[in-house]
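J.: Taking the working numbering, the leading residue of the sequence shown gets 17, the next gets one more, and so forth.
Worth flagging that the hints you see were computed from the coordinates, not collected in a lab.
Glycine included, C-beta positions come from ideal geometry on N, C-alpha and C.
Possibly wrong hints are sitting among the right ones.
The following label-pair restraints were derived from C-beta to C-beta distances [said to hold, decoys possible]:
{"hint": "1", "residue 1": "Glu34", "residue 2": "Ser90", "range": "15 to 23 Å"}
{"hint": "2", "residue 1": "Asp70", "residue 2": "Leu38", "range": "32 to 40 Å"}
{"hint": "3", "residue 1": "Ala41", "residue 2": "Glu67", "range": "40 to 48 Å"}
{"hint": "4", "residue 1": "Glu94", "residue 2": "Ser46", "range": "16 to 24 Å"}
{"hint": "5", "residue 1": "Ser90", "residue 2": "Phe47", "range": "21 to 29 Å"}
{"hint": "6", "residue 1": "Ala37", "residue 2": "Ser68", "range": "37 to 45 Å"}
{"hint": "7", "residue 1": "Glu96", "residue 2": "Ser46", "range": "41 to 49 Å"}
{"hint": "8", "residue 1": "Ser90", "residue 2": "Leu45", "range": "24 to 32 Å"}
{"hint": "9", "residue 1": "Ser68", "residue 2": "Leu42", "range": "39 to 47 Å"}
{"hint": "10", "residue 1": "Leu38", "residue 2": "Glu78", "range": "23 to 31 Å"}
{"hint": "11", "residue 1": "Val18", "residue 2": "Glu49", "range": "37 to 45 Å"}
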Amino acid sequence: MVKVTVHVKVKEGVINPEASALERALAELSFDEVKSVTTGKTIELEMESTESLDTKVKEMCEQLLVNTVIEDYSYTVEEENKA
17 MVKVTVHVKV KEGVINPEAS ALERALAELS FDEVKSVTTG KTIELEMEST
67 ESLDTKVKEM CEQLLVNTVI EDYSYTVEEE NKA
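When you get a sec, could you build the whole thing from the sequences and use the hints?
T.: Encoded structure:
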């Protein structure tokens, strides 16, 4: 088994209301050192390791997990420790 972690974030240039709201709130709370905020999501998948793992992960991301019109993604794969 492997653990696949998919990191999704809004593409640069796309309006991100959540990040904008956080930027304003942090400024109102006097966190002046914060210059910009980016938000996203993390999706963790536990999968069987196969030769076509990368292809399968990309298909899942592009068909369901990520809106590729407005979001970018990357992913990591790590072997799960067997205790």
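J.: I want to verify a distance hint. Is the separation of the beta carbons of Asp70 and Leu38 within 32 to 40 Å?
T.: Holds: the Cβ-Cβ distance is about 33 Å, inside 32 to 40 Å.
J.: At the C-beta level, are Ala41 and Glu67 separated by a distance inside 40 to 48 Å?
T.: 47 Å, holds
J.: Taking the Cβ atom of Ser90 and the Cβ atom of Leu45, is their distance within the range 24 to 32 Å?
T.: Holds, at about 31 Å.
J.: Tell me if the beta carbons of Ser68 and Leu42 are separated by a distance inside 39 to 47 Å.
T.: 43 Å, holds
J.: Okay, Val18 versus Glu49 on CB: inside 37 to 45 Å?
T.: At roughly 38 Å between Cβ atoms, Glu49 and Val18 fall inside 37 to 45 Å, so the hint holds.
J.: Quick check: does the Cβ-Cβ distance between Ser90 and Phe47 fall within 21 to 29 Å?
T.: 27 Å, holds
J.: For Glu94 and Ser46, compare the CB-CB distance with the range 16 to 24 Å and indicate the outcome.
T.: Violated, since Glu94 and Ser46 (Cβ atoms, about 39 Å apart) do not stay within the stated range.
J.: 41 to 49 Å was suggested as the range; check whether the CB atoms of Glu96 and Ser46 agree with it.
T.: Holds - the Cβ-Cβ distance for Glu96 and Ser46, about 43 Å, lies within 41 to 49 Å.
J.: Please check whether Glu34 and Ser90 have a Cβ separation lying inside 15 to 23 Å.
T.: 20 Å, holds
J.: Just tell me: holds or violated, for the beta carbon distance of Leu38 and Glu78 against 23 to 31 Å?
T.: 28 Å, holds
J.: Range first: 37 to 45 Å. Now tell me if the beta carbons of Ala37 and Ser68 are that far apart.
T.: At roughly 40 Å between Cβ atoms, Ser68 and Ala37 fall inside 37 to 45 Å, so the hint holds.
In the structure shown, a violation is registered for the earlier hint numbered 4 alone.
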